[in-house]
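**Q** With chain R fixed as given, assemble chain L onto it according to the hints.
These protein sequences, in sequence, are chains R and L. Okay, so the first sequence: first residue is 2 according to my numbering, each after it adds one. Okay, so the second sequence: first residue is 2 according to my numbering, each after it adds one.
What the hints contain is simulated information worked out from the structure, not anything from laboratory work. Don't be surprised by glycine CBs; every beta carbon is placed ideally from N, CA and C. Mixed in with the good hints, there may be bad ones.
[Stated by the list, open to error] Derived, one-sided and incomplete: chain L residues facing chain R with beta-carbon distance under 10 Å:
#	residue
1	Gln8
2	Gly20
3	Asn44
4	Ile105
Number of protein chains: 2
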Amino acid sequence: MTIEQVQIVTYPRIAAVDGQLSIFETGANIPYPMKRVFTVLANAGELRGQHAHKACSQILVCLSGEIIVHCDDGLGGTCSHALRRDTQALLVPPGIWASEEYRIDNSVLLVLCDQGYDPDDYIRNYATFLAAVKGT
Amino acid sequence: MTIEQVQIVTYPRIAAVDGQLSIFETGANIPYPMKRVFTVLANAGELRGQHAHKACSQILVCLSGEIIVHCDDGLGGTCSHALRRDTQALLVPPGIWASEEYRIDNSVLLVLCDQGYDPDDYIRNYATFLAAVKGT
Numbered sequence: 002m003t004i005e006q007v008q009i010v011t012y013p014r015i016a017a018v019d020g021q022l023s024i025f026e027t028g029a030n031i032p033y034p035m036k037r038v039f040t041v042l043a044n045a046g047e048l049r050g051q052h053a054h055k056a057c058s059q060i061l062v063c064l065s066g067e068i069i070v071h072c073d074d075g076l077g078g079t080c081s082h083a084l085r086r087d088t089q090a091l092l093v094p095p096g097i098w099a100s101e102e103y104r105i106d107n108s109v110l111l112v113l114c115d116q117g118y119d120p121d122d123y124i125r126n127y128a129t130f131l132a133a134v135k136g137t
Numbered sequence: 002m003t004i005e006q007v008q009i010v011t012y013p014r015i016a017a018v019d020g021q022l023s024i025f026e027t028g029a030n031i032p033y034p035m036k037r038v039f040t041v042l043a044n045a046g047e048l049r050g051q052h053a054h055k056a057c058s059q060i061l062v063c064l065s066g067e068i069i070v071h072c073d074d075g076l077g078g079t080c081s082h083a084l085r086r087d088t089q090a091l092l093v094p095p096g097i098w099a100s101e102e103y104r105i106d107n108s109v110l111l112v113l114c115d116q117g118y119d120p121d122d123y124i125r126n127y128a129t130f131l132a133a134v135k136g137t
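Pulled out of the complex, with its shape left as it was, chain R reads as follows (with noise of 0.2 Å):
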């Protein structure tokens, strides 16, 4: 997998003078049926994620605050998007290293994937990661 491959996806934000919607459905803007949905809600000054994935594919969306996604392909190829609660969220594909640094208080991350979860499908260690991405 190379850094083009992690992409923006664009998602409806629908504002009403009722609230807003912000909506994600399988074959209009999401790719996969989410098996796992999850939310992270954490501070300024927190860096998650920091680890790849092998198989699953993750959708990340920032509902609330400003979270900025780190990618690695391990190739030399890296890239970096600014997450905020508007109509763009970021498909991480697997054999990516991704990290996820909150730059303000009570962010969330929405996130959407493909697969449930499996500790044996993540990659937590960066020197093993490189080895799995250049086939050593």
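**A** Coordinates of chain L only, in the frame set by chain R:
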């Protein structure tokens, strides 16, 4: 559908030093793959919903603030559940008239659906809903 089919769904909320996770997974605490996920951000005093679905099941989660969910089966059965950021969500099956009362500014509702969006799946008129559940 009767009011007994409206059920509490428990979800794990994991508190770590660097953040709090809330987790929803098909086959674990969610009985279906999530085809549509949406969030609603609304202020105190808003009353949303006020419709029934013909086929769509929804699990309602409060990510922030406080939201009272009022349910009515049209056959005399009603219930109300206060959702907060804890470990309890609410499964609202099709055939139940539901309304969400937002109690605190910037409350956030997360809705996990088993169906995509279909405007024909909504019953927005209460008399029509009563006629449908009574088979008249």
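**Q** Classify the hint on Asn44 of chain L as holds or violated, based on whether any CB of chain R lies nearer than 10 Å to its CB.
**A** holds, 8 Å
**Q** Measuring from the C-beta of Gln8 of chain L to each C-beta in chain R, is the shortest one below 10 Å?
**A** violated, 19 Å
**Q** Once the shortest beta carbon distance from Gly20 of chain L to chain R is found, is it less than 10 Å?
**A** holds, 3 Å
**Q** Is the shortest C-beta separation between Ile105 of chain L and chain R less than 10 Å?
**A** It is violated, given that the least Cβ distance between Ile105 of chain L and chain R is near 13 Å, above 10 Å.
When the structure is compared with the earlier hints, violations turn up for hints 1, 4 and for no others.
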